[in-house]
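Protein chains in written order, with this note's numbering: chain A, 4 to 672; chain B, 4 to 672; chain C, 4 to 672.
No lab work stands behind these hints: they were computed from the structure.
It is possible that some hints are incorrect.
Note that the list lumps identical chains together, so a pair holds whenever it fits in one copy or between two copies.
[Said to hold, decoys possible] Think about it this way: if two alpha-carbon atoms lie no more than 20 Å apart in a straight line, the pair counts; the simulated SDA-like pairs of lysine to any residue are:
1. Lys279 <-> Lys516
2. Lys237 <-> Arg616
3. Lys516 <-> Phe319
4. Lys167 <-> Asp509
5. Lys587 <-> Asn87
6. Lys516 <-> Tyr312
7. Lys294 <-> Met4
The model shown is predicted, which means the values in this text are computed figures rather than measured ones.
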Amino acid sequence: MNVGVDYYPEHWDVSLWEQDARQMQDAGITLVRLAEFAWSRLEPTEGNFDFEWLDQAIAVLARHGIEVVIGTPTATPPVWLTHNYPDVLPVDNKGNAIFAGVRLHRCYNSPSLRKFGERIIEQITRRDASHPAVIGWQTDNELAANDCHCENCTRLFRGWLQKKYESLETLNHEWGTVVWSGEYSDWEQVKTPLGGSPHLNPSFLLDFRRFSSNAVADFNRFQAALIRKNSSGKFVTHNLWGYPVTADYYDMFDSMDFASVDYYPATDFLDDSKSKMYHGALTLDLARGVKRQNFWVMEQLSGTPGCWYPMSRTPFPGMIRAYAWQSVSRGADAIVQFRWRSARIGAEQFWHGLLDHHGQPGRRFEEFVQFSREARKLAPLLEDTTLKHDVAMLFSHEQLNAFQIQPQADGFDYLGNFKRFHSAFLRMGVGVDVINWREDFRGYKLVVAPMLYLIDDAIAGKLKGYVENGGTLVLTTRSGVKNMNNVCLPDRLPNLLTDLAGVYVDEYDPVGKDVQNLILATGEGLASSQWCDLLTPLTAETLATYASEYFAGEAAVTRNAFGHGAVYYIGTVLDERGSQVLMKRVAGDAGIDCELELPDGVEVAIRSSEERRVVFVLNLSREPKEVSLPARNYVSALSDRRILGESLKLEPGGVEILVEVNSTVTASA
Amino acid sequence: MNVGVDYYPEHWDVSLWEQDARQMQDAGITLVRLAEFAWSRLEPTEGNFDFEWLDQAIAVLARHGIEVVIGTPTATPPVWLTHNYPDVLPVDNKGNAIFAGVRLHRCYNSPSLRKFGERIIEQITRRDASHPAVIGWQTDNELAANDCHCENCTRLFRGWLQKKYESLETLNHEWGTVVWSGEYSDWEQVKTPLGGSPHLNPSFLLDFRRFSSNAVADFNRFQAALIRKNSSGKFVTHNLWGYPVTADYYDMFDSMDFASVDYYPATDFLDDSKSKMYHGALTLDLARGVKRQNFWVMEQLSGTPGCWYPMSRTPFPGMIRAYAWQSVSRGADAIVQFRWRSARIGAEQFWHGLLDHHGQPGRRFEEFVQFSREARKLAPLLEDTTLKHDVAMLFSHEQLNAFQIQPQADGFDYLGNFKRFHSAFLRMGVGVDVINWREDFRGYKLVVAPMLYLIDDAIAGKLKGYVENGGTLVLTTRSGVKNMNNVCLPDRLPNLLTDLAGVYVDEYDPVGKDVQNLILATGEGLASSQWCDLLTPLTAETLATYASEYFAGEAAVTRNAFGHGAVYYIGTVLDERGSQVLMKRVAGDAGIDCELELPDGVEVAIRSSEERRVVFVLNLSREPKEVSLPARNYVSALSDRRILGESLKLEPGGVEILVEVNSTVTASA
Amino acid sequence: MNVGVDYYPEHWDVSLWEQDARQMQDAGITLVRLAEFAWSRLEPTEGNFDFEWLDQAIAVLARHGIEVVIGTPTATPPVWLTHNYPDVLPVDNKGNAIFAGVRLHRCYNSPSLRKFGERIIEQITRRDASHPAVIGWQTDNELAANDCHCENCTRLFRGWLQKKYESLETLNHEWGTVVWSGEYSDWEQVKTPLGGSPHLNPSFLLDFRRFSSNAVADFNRFQAALIRKNSSGKFVTHNLWGYPVTADYYDMFDSMDFASVDYYPATDFLDDSKSKMYHGALTLDLARGVKRQNFWVMEQLSGTPGCWYPMSRTPFPGMIRAYAWQSVSRGADAIVQFRWRSARIGAEQFWHGLLDHHGQPGRRFEEFVQFSREARKLAPLLEDTTLKHDVAMLFSHEQLNAFQIQPQADGFDYLGNFKRFHSAFLRMGVGVDVINWREDFRGYKLVVAPMLYLIDDAIAGKLKGYVENGGTLVLTTRSGVKNMNNVCLPDRLPNLLTDLAGVYVDEYDPVGKDVQNLILATGEGLASSQWCDLLTPLTAETLATYASEYFAGEAAVTRNAFGHGAVYYIGTVLDERGSQVLMKRVAGDAGIDCELELPDGVEVAIRSSEERRVVFVLNLSREPKEVSLPARNYVSALSDRRILGESLKLEPGGVEILVEVNSTVTASA
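Bound-form chain A, shown alone (with noise of 0.2 Å):
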């Protein structure tokens, strides 16, 4: 378990480094990362290098046991640096340079960028690979796909194309560029799609954003080998922003060691809806997901951020110490805490730190010493454990980009689709892999593929040995509808999956907001939007039928069984409470302990090893609540109380880490 924050010593006046790392060596801190937008003071002009305030911070931070993680500062390329070759700087898709001045303003594909991106990383790789202090590298700061329409970027995405396609004739019949007279008959006039009109050809846009994601995922390695070269030994890590993103992680992160995730949880919950209460463990189980083992939260919420836009709520009291312990409880070996001090200066201002603008410790501080304390008194008990799960949920940056590209219906939206699974799941403590939908999922009991756009035979090959072998699917409407170069299917929905769903889509209706009723079997009423699949069973059992409008008696919901397993395929996008039903009844179904009833904003998590189970039981919401937990023996990690499981009562951002008397290692170990 690693503890520590993000500083920026160049903001400050060196006469306050000893202070702060004094400071930071009570609170406990060990790690600290920083550089990352230091482009301008490690080269303050073309060529000339000063490493010599970095090299000064460094041995402060290492005078009080604090580690490094230098980031490279490509994010910020200096001012001397665009100004002099302004080919760094990204297009926008009306052609026009974007201008400098604030940062990520960089194009990846640009020579200039690489030229002297490679220098700066070769020159802080070679200085500072050595330190002792320095044990692992950040590769610039929240990569992003960056539509970049520059002249560059067109070559190459031409490049990219002739690569995929190898003929013009392929491209314009797998895009159906023969619509409205798109045919292209020269390489030259094959451009990046600029003027962003959403009229434009699906495929192309569809591949112009996995160019961009490629692009970046490139960059990536490019400063990973560069790194690597110099520092070996020495681990390399990216930090992601949140979801949704057009960027695919899964590519970006193939080069780097883990994964790190910047993690601001909304603070203003106080009128929230349930699925934004969700928003955090979603994107904490994608971020695990990202390398499928454990990862590190590289900025972690400390204040309330803002600054450009409002400022919103301050985190509540017990909130920096729950959401620091919610990110280890989804596999988080190290919390590093954005930020050390609020920026006195620049753009983030408001970006709240742990310590505000004067100083001196407050609030937030001690709830983050209070985390720092029980995190190095848990570190031991935590050492080599990771979350198992029965459940995989199969994610794809992929789908994401085709929904953005055709919206379907009204309010439909596929990581607030996605994230209605994964919450159903979270409300009966049934903990859940969210992995890349192109991995291994053999092994796990039950799988959800939520809306599988796309499709190819690869994908649908794999679901169907999967179920051959025993394991239960859970399908969805939108599903089969197109090839991967985003062009319909031939056949009727869900095309290469209706054999396995056993069921055909007869008709459909993107009914949007327009509420519909839906009568289980057993005569419980659902409700669900967005989108009606009209069903046409073959070989599945219908488990709910339409109760509403036209369609009312049609088949909404069924489930086939195929070989060993069983595949659920349901038709519409029910609601919260709809998808809780059904996802009781398919893990159920499935052979997965799901009888616990966590109330709104519990969330509980369970890290083990092969000696033992850590369980973490977080009230993330504003009122005490109560939670029953299956009656078994808990040591509390936290207090090294003995507690019996059953009734576990938490005030608003309450923690309680429970270990398993039948584990070998306890809290007081």
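We have chain A; now place chains B and C onto it with these hints.
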């Protein structure tokens, strides 16, 4: 009666064509529109033409008894054309060329568009004009004023102004450019309204809209002349897009043989306001009025529209048939469904056709087949029938444009206010002809001329003559405000119409959304909003006074006996109920039978010839409705049953088509 | 007392001038402002001047006893100027020149604007300065900071920064450009804030706003100097546009003889919130504070405004007169109505004048004539009177700009929050002087200094001195946050004011729209929102504590005895009622008579000289109101009747003007 589909053979493998044609024939289809977006297939590269695929497609269709309308492909300049000749692309009001890649990306005044457009039209007409299956031509697709600011448009606009005003002195005077020192001292200074500020001179803005409208009408004439040169004896039409539009359709269609309309009624009328409910009827009446004769529907709704935006509801059961009959009931002589099968490729993948992507017949297709069968049966009955009405409403693209430039009051909407009058008659079963305000309206018992904001002596004189000769005329607030150059007239409102209305406006208040009360002489109360004229009757009598605010007691609606006729002046914008109450009184006054009271969503329309009257009764709502018709002897043309009129029950989407038994031809003929 | 109109002879046929002048004279008009948009008439082409029409217009007016204020026409560079010298046009933050064609299309720093502007001002002043009817000059029209990014502005901004910071090192340090590697290494790299991103450095953004404000103030000085050179002895003023504005009016008016304001109160107060109701009063008080003396209204509402956007309600009966008297009551010594007759031409056709387009007198005109007659009668009474108040509020364009750059919390609005204090006094009948925060405020019994976000030792010292000497001071949340370069200060809030306030901010929460409860020591409850400081009193006593959320019980409002005075610190943003309750207590504490309780929409203002006190009582609401004045002997200056004070009944739009009988001059004098 022609029944057909829009079909894109170039989007489908040639192996499907034969089976498509057979299935069309089986479905009763006798007409296909094609090729209007196929330029890149007809001329794959500059000067290289390929008509063989089109020959083959026409041949396949012809073998199955299907006739063909060919669209000129100028709505989609191919990539080679825009790439090599960028003057084809329109320039927006910031001076930037529109990016190609969608469609409609062409400036009508582009020399290259004219040159290459002329050549492709020449080629296709020379090749296909003599083909017996080719019965006519469609120019381009959904032409609109294009608001282009390219150098050609700038030069031509300048020439247009020189022709209109002759001297810069006159232009400066007529536009009132002295305001804000906008006077031109050299023709070179005259440009299109760049920047798009709403603060620009309104006379300038209106003239530019006229120029833009003229430009597209001229482009249509250019195409019509080319087609007729090679294809004499075959019709030329164009498919207009729905209202409101800035281009003047009356002008745009002067070169056409008849009008066609693309008819996409809203599918999501679940929470519909009544005014939206009758939008379709007004659209169809407007279409019939374009040439004052029957028209075609060149694209008729066949499934849920949507694609780049969320899809809306799928058409409810019965509505595919009901909307087709609605079109016929208001004067359509051909129904061409858009489209045969939903596209698997390109941006319109989810703009659904009669068939879904998989091509298997479904509910919507079967509804169409029913319509097709019925249409074939009723064709003889409908031959030579058209709609004959006692009421005319004067529609003006110029007023629409002027009100868009200066929106008057919160909520004031020309088309919406126009529609409220139209719906009032529709609900009384009174048919209305909607005609160009510059046309001859003698012979009508009642003329409604709402919001004659721009006015001149010609129209004032015509209205006067009409009333003098016994006509009944309805005028409204915001009439007589401006001269045709969008300059305020110097006398009291309604200026040139004061004498005729027998009333003047003492003061006005743009009340916006503040609802006002009125009291009729009968004591009945009405409600209005948007605008209140406080009237001073000269020779008119007061029919209604205001009953709210500081103007309570002031005259709001008047009636003036004038010559042998009468003029109503409505000094405010009545709500829906108020419009109905007043129009019932006005229609009664004009000797029009208006005793019918149709329930929400039920429409009645009558097509007649010298020999017969065919009464269409449609329930376009989602609830069963009951209609009381005048007690006469009818025969149902659909079922051949005798019906006594009186109480007719119609299911949602229900259609009844009645022939009065004193007609000489019946459905069984 | 001057009563006049804005008049555009150049918009009307010369044949109308004589009759217009006669009608003006009959209406009691003694003043006309003209020519401020007439550049194209004064200089139709480059270097060709035509003043004859203006001479003639002035002559016609003068013959009717009407004096003239001439506006310099620089707000509307003519077409030949922008066409031939495009540097006149401002460049937006994307680097694109604004298109000409409206007005205000000029960069103040344009060499061509300066050159040709100088020449036209020279010409007109040389010609007209000696005309006896010409009494003064207006510079330009509604000057505003123009946010221009042209190369001249870029160069001058750079120079402005060089002057301010001397070295790039200092600039980098003061702005904190080290954040995100924004450090400049060469002056050439320094540009205006291109791109317009809100993420740009806030110190940079604030300095650019200062530069833009300085630029317009400098342009005004440039004009004033030119005018005074040729026209000594005649006044120079400028007509300011309402608040909020980014330009610093205190700076902009240092070269003016007095301030003028364009006063357009909202006409549609049907559903008005109370804060909107008192917006006009604040605007007028701000205008009086610009030069701390009486002012002119150079444009006074005369009819419904609107044109390119929907028109709003017409002014209700009585309001033309009432708003004119309101202006006088708050210090206006001239009322110039905008405009004489509504324009028939150009973009402002529906920005109505006293007369409608037809020119016949109507209700609004008659109301004006009543005012004009009354004003003439009261002129001697009002001579040398002005407003003298015990309360000052400190207004700051710099705070306004800083808060626009960083909006703090949801709903936080500098001017809105400022207005809530102002209204609180207004409802107690307590007059307030609103003055520049940098001015001398000694002598006031009470100073309210809300939201002193930017602060320096100078202001902190002045406030301290004021309180030490017995003053009462109100401070609020978001004070002492930053230094003048928009950089956060290093101590606890309110930083430089902590000692004075006797309290510091322990923690804060940007609560936004979450309403919070407070309890006064008296037990009375108050409500607040936007922001909550949790206070730790040092030497202050707690007046109110929070009664909601996790900070219930924490101090929210304090009072600190300091020297001979007292300081209130309000740590949250009270709602309207809360502000009134607290300000009543504060005012009482400061020895201010605040026993009046005025009903909604009723305003009282007192103009006095050494000889007399003239009390204005206005009902600006739409309902009849009853006001209880202190029981004294008054004479109505309007009716000459004696009035005892006590209960005064006022109709909607009602005005009473009372002279206390102990005054030496009465209305009949």
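Status of the hints after comparison with the structure:
no. : hint              : verdict
1   : Lys279 <-> Lys516 : both (19 Å within a copy, 19 Å between copies)
2   : Lys237 <-> Arg616 : neither (30 Å within a copy, 84 Å between copies)
3   : Lys516 <-> Phe319 : between (34 Å within a copy, 16 Å between copies)
4   : Lys167 <-> Asp509 : neither (35 Å within a copy, 60 Å between copies)
5   : Lys587 <-> Asn87  : neither (61 Å within a copy, 61 Å between copies)
6   : Lys516 <-> Tyr312 : between (30 Å within a copy, 15 Å between copies)
7   : Lys294 <-> Met4   : within (18 Å within a copy, 65 Å between copies)
The structure shown violates the earlier hints numbered 2, 4 and 5.
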